[in-house]
Amino acid sequence: MELLIIFISAAIVNNFVLSLFLGICPFIGVSNKISSSLSMGMATTFVMVITAVVSWILYFKILLPYNLKFLQIPSFILVIASLVQFVEMVIKKVSQPIYRSLGIFLPLITTNCAILGLALLLSMRNYSFWESIFFGLGAGAGFTMALVIMAGIREELEMADVPEAFKGAPITLITAGLLALAFMGFAGMI
Amino acid sequence: MNNSIKMIIVLTSIALVSGVVLSGVSNWAAPHIESNRIAETEAAIYLVHNNARSYKKIETEFGKVYKVYDEEGIPIGYSIVSEGNGFQGKIRLMIGVDTALTKITAIEILEQVETPGLGSRITEDEFKNQFRNLSAQPSVNWVKGKTPEKPNEIEAITGATISSKSVCAIINDVLQKARIEKQSNKL
Amino acid sequence: MKKQISYWKEFSKGLWEINPTFKQVLGMCPTLAVTVSAINGVAMALATTFVLIFSSMLISTIRKLVPSQVRIAAYIVIIATFVTIADFVMKAKFPELSKALGPFVPLIVVNCVILGRAEAFASKNNPLRSLLDALGNGTGFLIALTLMGSIRELLGNRTIFGYQLLPESFQPLLIMILPAGAFITLGLMMGLANIYMNKKKKSEIDSVISKYKESKATFEESKA
Numbered sequence: 124m125e126l127l128i129i130f131i132s133a134a135i136v137n138n139f140v141l142s143l144f145l146g147i148c149p150f151i152g153v154s155n156k157i158s159s160s161l162s163m164g165m166a167t168t169f170v171m172v173i174t175a176v177v178s179w180i181l182y183f184k185i186l187l188p189y190n191l192k193f194l195q196i197p198s199f200i201l202v203i204a205s206l207v208q209f210v211e212m213v214i215k216k217v218s219q220p221i222y223r224s225l226g227i228f229l230p231l232i233t234t235n236c237a238i239l240g241l242a243l244l245l246s247m248r249n250y251s252f253w254e255s256i257f258f259g260l261g262a263g264a265g266f267t268m269a270l271v272i273m274a275g276i277r278e279e280l281e282m283a284d285v286p287e288a289f290k291g292a293p294i295t296l297i298t299a300g301l302l303a304l305a306f307m308g309f310a311g312m313i
Numbered sequence: 689m690n691n692s693i694k695m696i697i698v699l700t701s702i703a704l705v706s707g708v709v710l711s712g713v714s715n716w717a718a719p720h721i722e723s724n725r726i727a728e729t730e731a732a733i734y735l736v737h738n739n740a741r742s743y744k745k746i747e748t749e750f751g752k753v754y755k756v757y758d759e760e761g762i763p764i765g766y767s768i769v770s771e772g773n774g775f776q777g778k779i780r781l782m783i784g785v786d787t788a789l790t791k792i793t794a795i796e797i798l799e800q801v802e803t804p805g806l807g808s809r810i811t812e813d814e815f816k817n818q819f820r821n822l823s824a825q826p827s828v829n830w831v832k833g834k835t836p837e838k839p840n841e842i843e844a845i846t847g848a849t850i851s852s853k854s855v856c857a858i859i860n861d862v863l864q865k866a867r868i869e870k871q872s873n874k875l
Numbered sequence: 151m152k153k154q155i156s157y158w159k160e161f162s163k164g165l166w167e168i169n170p171t172f173k174q175v176l177g178m179c180p181t182l183a184v185t186v187s188a189i190n191g192v193a194m195a196l197a198t199t200f201v202l203i204f205s206s207m208l209i210s211t212i213r214k215l216v217p218s219q220v221r222i223a224a225y226i227v228i229i230a231t232f233v234t235i236a237d238f239v240m241k242a243k244f245p246e247l248s249k250a251l252g253p254f255v256p257l258i259v260v261n262c263v264i265l266g267r268a269e270a271f272a273s274k275n276n277p278l279r280s281l282l283d284a285l286g287n288g289t290g291f292l293i294a295l296t297l298m299g300s301i302r303e304l305l306g307n308r309t310i311f312g313y314q315l316l317p318e319s320f321q322p323l324l325i326m327i328l329p330a331g332a333f334i335t336l337g338l339m340m341g342l343a344n345i346y347m348n349k350k351k352k353s354e355i356d357s358v359i360s361k362y363k364e365s366k367a368t369f370e371e372s373k374a
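Residue numbers (this note's numbering), protein chains in the order written: chain F, 124 to 313; chain B, 689 to 875; chain A, 151 to 374.
So that you can see chain F by itself, here it is in the shape it has in the complex (with noise of 0.2 Å):
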């Protein structure tokens, strides 16, 4: 039930793209095809799992019975960096199509606030090794739900009559808002 309320409220209810305003970059730079905006998701959902795993096993198991929490956000943010590599190598070798798909947005991924924010987060709110499993799990769904619904008005937007001075990023923004209005629909539900 725990696990359940970690997911939901990570996914839905305190969204990390529309109310913890993580990883912006990306939503506002690659939401514009749903296709791609999917493919974009799914890879930061992957990564975001391997990280919540990989980096509570060094915060709770290495960093703190050691003492060494001061050197948290440097061995966080080299951590990522590495498992970013690693993974795109990986997929490479494992599946040719996968690759294609996702392959040109690992890169991108290394500085998605959103992971190094998962990590942080996950370890400001000690949160146990299931528990941030399902954390990084809501987390990617709630990063590709809003992505892929913004891209999905994106793609409606293209025809509409948008004043000069705001297109591109102006209007995406407004968009934005719009949605993080509606996502607040949820806020009761935990």
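It cannot be assumed that every hint is accurate.
List of simulated lysine to any residue pairs, SDA-like, C-alpha gap at most 20 Å [as the list claims (entries may be wrong)]:
hint, chain 1, residue 1, chain 2, residue 2
1, B, Lys694, A, Leu208
2, A, Lys243, B, His720
3, B, Lys816, B, Leu798
4, A, Lys243, B, Ile726
5, B, Lys838, B, Gln818
Non-contacting residues of chain B with respect to chain F, defined by C-beta distances greater than 10 Å in every case (computed) [unchecked claim]:
hint, residue
6, Glu759
7, Lys816
8, Glu843
9, Lys874
For the record, the hints were derived by calculation from the structure and aren't laboratory data.
Everything numeric in this text was worked out from a predicted model, so none of it was measured.
For glycine and all other residues, C-beta sits at the position ideal for the given N, C-alpha and C.
Position chains B and A against the provided structure of chain F, taking the given hints into account.
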């Protein structure tokens, strides 16, 4: 010089310097951070018990309980930290109760992520002051849209019923656990 | 030989021309998340500027020593070190602010503004220029965040920096402090900035055209 050796040397030395610098900064900051944390908890403990002068920490199964004493060293009640789910996320409270665990002296909201302007009004004095000298016998109740009549009732905030309800639920839940603990003389 | 631009220009370009928020659209996460109040915006921008200045200068100093294959990894470690220092100092000396900014202080590490300036500027220029560039970009970031924080605090809470500016009769617009308000405010501000830029560009073009017409007219006159 071999390029890969240079790479390793440069990265290792940067990482080493970074580690040394950070351990230094951490050594300087750690006592400050620790004293800030203690000061914060102490402030909250005394905030819900105006007459308290000293306290003793008791670890229980349901969280931290602080037994507080007045200037003559006579126990006057407990300050209990507890948390639960609110409208949007966790609410963490400091609850002050008398020694018999039947009357609330005051409450303080330590952490909350409720909707700004609506649910977050649980942090305002108007709401918190309703809990001063509130009876918790048999439990704390809430009413909506009218003035409370019974001694154990508070009025929920208009537009933030769930947040108000959650605060009551957290209090009732932890007091029940505390009473069981009290019966077995652990408090 | 590349023409060197003046030191003043190196600083001032960050304020508007390549303003991190409005022009480069970088570092969106903290811009949106922490600007519930003006003071939070200022604190966040100052912490970011601190990291930006020191990491830019250090990276620029050692730029010739770092092999290019590992430069990103080296930059990230350097940036992460300064971010940790900023985080510890804030936790020790300003616990209230540090609580309000939450995980966004450690998240300065992945703020693309810093890595962006390191890669695009500090790795190619001397420490003095890198310092000016970092100062300029930091100030630009500060302006954007203060503006955002002030607007949201004023409309959502009637105050700026805690001082009440609007009368009690003004019903606060709750949406401004909600996440939705952050997105909408930033979207509108960027749109307005674009309108201003387009107007300026248009008037520049217009003035060039009218000058051309004038000179053409005087030329025809002299010929006649």
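Cross-check of the supplied hints:
1. B:Lys694 with A:Leu208: holds (19 Å)
2. A:Lys243 with B:His720: Within the cut-off at roughly 7 Å; holds.
3. B:Lys816 with B:Leu798: holds (12 Å)
4. A:Lys243 with B:Ile726: holds (14 Å)
5. B:Lys838 with B:Gln818: Given pair Lys838 of chain B, Gln818 of chain B holds - Cα atoms ~12 Å apart, limit 20 Å.
6. Glu759: holds (36 Å)
7. Lys816: holds (22 Å)
8. Glu843: holds (20 Å)
9. Lys874: holds (24 Å)
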